[in-house]
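Asker: Single-letter residue listing:
Number of protein chains: 2
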Amino acid sequence: MEKNIFGFIVFCAFLLMQNLPILALTTTSLDLMPVPQEIKVINSEGFRLDAGFSVALDGYADARLYKAATRMLRRLSGRTGLFFPQDYITAKSNPTMPQMIIKTSRIGDLVVGEDESYQLTITENQVTLKAETDIGALRGLETFLQLLSVDEKGYYFPAVVINDAPRFPWRGLLIDVSRHFMPVEVIKRNLDGMAAVKMNVFHWHLADDQGFRVECQSWPKLHELGSDGFYYTRAQIKEIIAYAANRGIRVIPEFDVPAHATSWLVAYPELGSAPGPYSLERRWGIKDPIMDPTKEFTYEFLDKFFAEMAALFPDEYFHIGGDENNGNHWNTNDHIQQFMKDNNIPDNHALQTYFNKRILQILTKYGKKMIGWDEIFQPTLPADIIIHSWRGSEALVKSAQQGYMGILSNGYYIDLIQPAEYHYRNDPIPENTSLTEEEQKRILGGEATSWGELVTYETIDSRIWPRTAAIAERLWSPQSCNGIEDMYRRLEVVSFQLEELGLTHIKNYDMMLRRLTNNHNIAALKTFVDVVEPVKRYERLLQEITYTSYSPYTRVVDAARPESMTARRFSQLVDQFIENPKAPASHELTDLLKIWENNHSFLKPIIAKSPVLQEIETMSADLQELAETGLLAVRAYRKHKRLSRKQIESARAVLEKAKKPRGQVELMVIAPIEKLVLAAISNQK
Amino acid sequence: MEKNIFGFIVFCAFLLMQNLPILALTTTSLDLMPVPQEIKVINSEGFRLDAGFSVALDGYADARLYKAATRMLRRLSGRTGLFFPQDYITAKSNPTMPQMIIKTSRIGDLVVGEDESYQLTITENQVTLKAETDIGALRGLETFLQLLSVDEKGYYFPAVVINDAPRFPWRGLLIDVSRHFMPVEVIKRNLDGMAAVKMNVFHWHLADDQGFRVECQSWPKLHELGSDGFYYTRAQIKEIIAYAANRGIRVIPEFDVPAHATSWLVAYPELGSAPGPYSLERRWGIKDPIMDPTKEFTYEFLDKFFAEMAALFPDEYFHIGGDENNGNHWNTNDHIQQFMKDNNIPDNHALQTYFNKRILQILTKYGKKMIGWDEIFQPTLPADIIIHSWRGSEALVKSAQQGYMGILSNGYYIDLIQPAEYHYRNDPIPENTSLTEEEQKRILGGEATSWGELVTYETIDSRIWPRTAAIAERLWSPQSCNGIEDMYRRLEVVSFQLEELGLTHIKNYDMMLRRLTNNHNIAALKTFVDVVEPVKRYERLLQEITYTSYSPYTRVVDAARPESMTARRFSQLVDQFIENPKAPASHELTDLLKIWENNHSFLKPIIAKSPVLQEIETMSADLQELAETGLLAVRAYRKHKRLSRKQIESARAVLEKAKKPRGQVELMVIAPIEKLVLAAISNQK
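Line order of the protein sequences matches chains A and B.
Whatever position you read off the first sequence (first residue = 1), add 4 for the working numbering.
Whatever position you read off the second sequence (first residue = 1), add 4 for the working numbering.
Bear in mind the hints are in silico, worked out from the structure with no lab data behind them.
Possibly wrong hints are sitting among the right ones.
One copy or any two copies: either way a pair holds, since identical chains are not told apart in the list.
Unchecked claim - Each computed DSS-like pair below joins lysine-lysine, with the alpha-carbon atoms no more than 27 Å apart: (1) Lys291 to Lys308; (2) Lys291 to Lys96; (3) Lys225 to Lys242; (4) Lys157 to Lys192.
Since we're looking at a predicted model, the values are computed, not measured.
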C-alpha cells in the first residue's frame with residue numbers, strides 16, 4: 005500500500021496528492037467531498053469493519069444524534085451487507101464495548117454561525133468522533149461514511165485524524181416549488197443529499213406567479229385558488245422542517261413580494277395594482293402582476309399572513325424576495341401615481357423601498373430578520389438584514405462595505421446548466437477581493453438555486469446533483485482547495501453515493517430513455533444522449549417552443565445531463581493523443597469514435613418507432629459524420645499524412661453543421677474533434 | 005399494416021391472435037392488461053394523436069374525474085412529447101370541440117360491487133368514453149392510455165369499441181407496513197400502479213409484532229412506543245385514503261387481533277396474556293404475545309380504539325386479522341385457564357371465537373363490517389362478514405357453501421417469489437369448481453399480499469410489480485383469458501409503463517447493482533444477476549442467516565428479480581433449438597451461452613473489490629461451467645456427435661454442483677442446460 009507515505013499532516017490533502025505519481029492518486033487518495041480543513045493520515049492498517057461493529061454516544065446527546073447515528077449504521081450495513089448487532093441506537097441501548105464513540109458537549113442551535121466543527125479519529129481499534137455540538141457530529145458522520153474503503157482483506161476505514169469546520173456558515177440550496185410543485189418526498193431526499201455534503205440551509209421558494217404552495221389559515225384562498233391543489237399542508241410543512249432540523253439544516257421560507265405575485269392576486273385581487281381578475285400564470289418570465297404598496301389593506305393582509313407564517317417557520321430569517329419588479333402596473337395605476345406624488349416618492353425603486361420598510365416592521369414585530377434579493381438593498385436598513393445576491397458579486401461587495409451581511413447566488417444558478425467547474429470556480433470571496441477582513445466576515449456564504457421552470461419531480465434531482473456537491477465544497481472547504489480534476493474525480497464518487505439516499509439523478513436517466521424509445525433497447529439512444537447537453541443559460545426559453553407549467557418535460561433535452569462526462573473524458577483523450585499519439589489512451593479515443601461512427605445506424609430504426617425522438621435525428625447523423633471526421637484526423641495525425649483540401653473543407657462543413665442545436669440540445673464533442681482536425685492539419689508533412 | 009384483418013368482434017382478443025402467424029401477433033395485437041371483456045377492432049385508420057388533442061367531460065363529473073382526466077393528459081404528453089393546449093381540465097375549461105369526450109351518469113361509491121364498467125369507442129375523429137360511474141370512467145382512462153400506438157406516421161389509437169367490466173368486485177393488494185415501514189410515497193406510487201391495472205382495494209396491514217404504524221389519539225403509547233418513530237400521522241392516513249379514493253380504490257385497514265400483538269403490548273402490557281414487559285419484535289415468525297380475551301379491560305381498550313379508527317377509515321369493512329394464534333401465552337396463564345373452565349370454553353379456538361364475537365359487537369356498534377383471515381370462520385357469524393383465505397381455496401369453498409362471502413389470497417402470496425404464471429393460473433373460482441352459481445357469487449375476488457419481512461422501500465416495488473399485474477388480470481378479465489405466453493408478452497409492456505407512475509421496480513435494479521459493485525461497471529454483475537432468482541417460499545428465512553427488521557436488504561438476493569425473464573427466454577430458445585437446430589433462434593441461444601461462458605472473468609475482479617459479492621463468487625464460476633457444458637451439448641446435438649462418457653459425467657457434475665443455492669439465490673438456467681445435455685445424449689449417432 006502506498007498510503008504509508010502519507011504519515012504527516014496535510015492541509016487540503018488532494019492538493020499535495022496532485023504531485024504524486026498517478027498510481028498513488030487513484031489507489032490511495034481519499035474521496036471526501038467537501039474536503040476537510042485538515043487531514044492527518046496515520047501510518048497504520050486502519051480500522052477493519054466487521055459484523056461486530058457497534059456505536060455508543062457520550063455526552064449531551066439528543067434524539068437527533070441518536071437518529072443520525074442509527075441512519076449511519078443502516079447506510080453502512082446497506083453498502084457492506086454486514087449484519088450489525090444494534091437495532092436503534094438509543095441512550096438505553098449504548099453498548100459497553102463500542103467500536104465507535106461519538107462525543108458531543110451540547111445540543112446545537114439552528115442559527116447562522118452555529119459551531120459545526122468536529123474531530124474524527126480513526127485508529128486500528130477505535131473510531132472517535134468528537135464535536136462541540138451534535139450538528140458538528142452530524143457533519144462528522146457524513147465524513148466517516150465517505151471514508152469507507154475496500155482492499156483485498158475487506159472493508160476498512162483508513163487511519164486518520166480529521167479536524168474540520170466550514171469556511172462559510174451559510175451553505176444553501178434554493179428549491180423553487182412554485183413553477184413546478186415538488187412533492188414532500190422530493191424535498192426530503194434533497195435534504196438528505198444536502199446533509200451528505202454538509203449543506204445547512206434549505207431555501208424554500210414557496211410562492212410565485214405560477215403557484216402559492218402553502219396552506220394558509222389566515223387567507224385560505226391563497227392555497228385554495230392559487231395552487232391548482234398542489235400545496236403543502238401545515239402538517240407537511242412541519243414534517244419537512246423537522247426532517248431538515250434532524251439533519252442540521254435550517255429552513256428559510258421565501259414569500260416573494262411585491263412582484264412575482266400573480267398567485268396571490270388570483271386569490272385576493274384586491275391586493276393588486278391592476279383591477280384584475282387574475283388567472284394563474286402558466287408561462288415563464290417576468291410578469292406584471294404586483295401588490296399595491298399604497299393600500300393599507302396590503303399591509304393588514306401581510307401582517308396577518310406573516311404572523312401565521314412566522315409561527316409556522318421557526319428560523320430567525322425570513323426571505324421576502326423583492327426581485328424583478330418591472331413596475332408596469334404601478335406606472336399605469338393613477339392612484340399609485342398620485343400616492344407617489346403626495347409622498348415625494350420619486351420612482352418605483354423608492355416606492356419599493358417604502359414597501360420594504362413596512363414589511364420589515366411587520367417581520368420585526370414577529371421576531372424575524374429579513375433577507376431579500378439584491379433589489380431590496382438600500383443604506384438605511386438595520387444591520388442584521390441579509391442581502392442575497394443574484395445579480396453579481398459587485399452588489400455583494402458593496403453591501404458588505406456598507407456594513408451589511410450577504411450571501412451569493414450569482415454563479416450558483418444550477419438551473420442554467422453550466423458545468424460543475426463553472427460553479428466551483430465561483431468563490432463568494434475571490435482571492436483578489438478588495439474587502440477588508442472585517443468586511444469579508446459579512447459574506448456568509450451562498451446558495452445554489454434550483455429555479456423550477458424546466459424541472460419536474462422526475463428531473464429535478466439530475467439538475468441539482470451532483471453539481472451542487474461542488475458548490476457545497478466551495479462553501480465548506482478551504483479556498484485553496486480548487487483542483488478541477490480532483491474535484492471531478494471525487495464528484496463522481498459522491499454522485500454515486502447520493503443514490504443510497506433515494507436521489508434519482510442517475511436512475512431516472514435510463515427510465516427516461518426507456519420511455520423515449522418506447523421500451524426498446526436504450527443502448528444507442530444512451531450513446532447519443534451521453535454526448536449532448538441541454539442548451540445553456542436562458543436559450544431554452546428563448547427558442548421556438550413556448551413552454552408552460554404543463555408542457556412535457558420528458559424529451560431528450562430533459563433526459564440529457566447538464567454536463568456530459570463522456571464529452572469531458574473525450575476532450576481529455578484528444579489532448580493526450582495530440583500530446584502523444586502512441587499513448588495507451590489513444591485506443592480509448594478511437595474506440596469512442598468508432599462507437600459514434602456506427603451509432604446512428606442503430607438509433608435510426610428506434611427513432612422511426614418513436615416520433616418523440618425525431619427532433620434529434622439529424623443530430624444523431626451529425627455525430628456519425630463527426631466521428632468519421634475525427635477518425636480521419638486521428639489517422640492523418642498519427643501518420644503525418646496530408647489531408648486533401650476537399651477533406652479539410654468537408655471536415656469544416658461537418659463541424660459547422662453539427663454546431664446547430666436541435667431539440668434544444670447541443671453536441672459536446674465538436675470542439676475536441678475540431679482540435680483533432682486542426683492538429684492533423686498543422687502536423688502534415 | 006396487418007390490422008385490417010381484425011375487422012370483427014373478438015372476445016378476449018389475444019386468444020384468437022394466438023392462431024395468427026407470429027408477424028401479426030407482434031405487430032398488431034393489443035397490449036392491454038387486464039384484457040377487457042369485449043374488444044371490437046374496427047377496420048379504420050384509428051385516431052391520430054397530435055398537439056391539438058383536447059378532452060371534455062359530460063354528465064355528472066366530479067373533481068375526481070377532472071383530476072383523473074388531467075393526469076391522463078399529462079401522461080400522454082409525457083410519453084409523446086406533444087404540447088397539448090389544456091392545462092387543468094375543469095368544468096370551466098371544457099373545450100367546445102373536444103377530440104375526446106368522457107361521459108358519466110353518476111358519481112361512484114367506494115363500496116363492494118360498485119359499477120366499474122365502461123365503454124370506450126375510438127374512431128378516426130373522436131374518442132368517446134362512457135361509463136355509469138366516474139369510477140368506471142377511471143378504469144376506461146387506463147385502457148385508453150394502454151392503447152397508445154405508433155406507426156410510421158406517428159402516434160395513434162387503434163379504432164376499437166371496448167365494452168368492459170370486472171369479473172370480480174374485490175381486486176386487492178395487501179401491503180404490510182409493520183415488518184418494514186413504508187413511507188407515504190411508497191404507498192402512493194403503488195396505489196397508482198394498482199389503478200393502472202384496475203385494482204380497487206388497498207389492504208393496509210398496519211400493526212403486527214414488529215410495529216404499530218398509526219398515530220392513535222385514544223391510546224397514544226401505541227405509536228409512541230410501538231413504532232420506533234415510524235408511523236403514519238392521522239393527516240397522512242387521510243392523505244393516503246384521499247389519494248386512493250381519487251383513483252377509485254378502497255382502503256381496508258387491518259388491525260390484527262388478538263395475536264401478532266407484540267407492538268400493542270409494548271405500549272400497553274396490561275392488554276397481554278403474559279405479565280410482560282414486552283419489547284418490539286425484531287425477528288420474523290409466529291410469536292407468543294397475545295391479548296388477554298378474558299379481561300374486560302381488553303374490550304374497553306379495543307372499543308375506544310376502534311371508535312377512533314372507524315372514524316378515521318371510511319370504508320365499510322374493517323380487517324381484524326385473527327390469524328396465527330399459537331396459544332402459548334393462553335395455555336400458561338392460570339387466570340385464562342380458569343376463565344375457560346368457568347365458561348365452558350373447550351379450547352383456544354373457541355376462546356378466540358368468544359373474542360371475535362366481542363370484537364364483532366364493537367365493530368358493528370361503529371358501523372363497520374368484519375373481515376378476517378380463515379381462522380375467524382365459524383358458522384354463527386352474520387352473513388355480511390368476509391372470510392379472507394390465506395390457507396387455501398378449500399376454506400373459501402366451505403365458507404361460501406355455508407353462505408359466507410370470501411376473498412382469496414392463497415396463491416397470491418407475492419412475497420414468496422413465485423413466477424407470474426403461478427399466480428396467474430390461480431383462479432378464485434377454478435373451472436372445475438363444485439360451487440353452485442349462487443355460491444360462486446360469494447367469492448368476491450382476491451388480494452395479492454406483499455408481506456414485509458424481506459422488503460424495504462427500495463425493493464418492495466420489484467416484489468410487487470410487474471407480477472401483481474398478472475393477478476389483477478386474473479381478477480378482472482374473463483376466466484377464459486389464460487394464455488401464459490401472451491400474458492408474459494403484455495406483462496413486459498405494462499411493467500415498463502408502470503415506470504411513468506414513479507414505481508422503482510426497474511430502475512432500482514441498476515441502482516442496487518451499482519452499490520454492490522461499489523460503482524464499478526455493472527455489466528458483468530447484471531449478466532449474472534439476470535439469471536438468478538431469490539430462493540422461493542420460506543426458504544430464505546430457514547437458511548443459516550437470521551434476519552431482523554434492521555438487517556441489510558441490499559445484497560444480490562435483494563437485487564435479483566423474483567422472475568428471471570432471461571432464464572425464461574433461454575428456456576424457450578432451448579426448446580426451439582431442440583425442435584429445430586437450424587432455426588434462427590439458435591444464434592441467440594449460442595450468443596447467450598457465450599456471454600455466460602466469458603462473464604466470470606469480468607465479474608471476478610469486481611468481486612475482489614466488493615466483499616459483499618463474495619457470497620456468489622462460486623456461483624458465478626458455476627455459470628461459466630454451465631455455459632461451457634451447454635455449448636458442448638449444442639455442438640454435439642447439432643452434429644449428432646457422440647459425447648464421451650467423461651464429458652457426460654463432467655456435465656452431470658457441473659449441473660449438480662450448480663444447483664446449490666448460494667447467497668440465497670439460485671441459478672435459473674440449470675434445467676434448460678440439462679435438457680440440452682439430455683437432447684445431445686439421445687441424439688447421438
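Asker: Now, for every hint given, state plainly whether the structure supports it.
Answerer: We went through each hint and held it up to the structure:
1. Taking the shortest Cα distances, Lys291 and Lys308 sit within 27 Å of each other inside one copy (26 Å), while across copies they are farther apart (55 Å).
2. Only between protomers do Lys291 and Lys96 lie at most 27 Å apart by alpha-carbon distance; the minimum there is 24 Å, versus 57 Å within a single protomer.
3. In this homomeric assembly, Lys225 and Lys242 come within 27 Å of each other (Cα to Cα) both inside a single copy, at 20 Å, and across copies, at 22 Å.
4. Within a single copy, Lys157 and Lys192 get their C-alpha atoms no closer than 36 Å, and across copies no closer than 43 Å, so neither meets the 27 Å cut-off.
Going down the numbered hints, you'll see the structure goes against just number 4.
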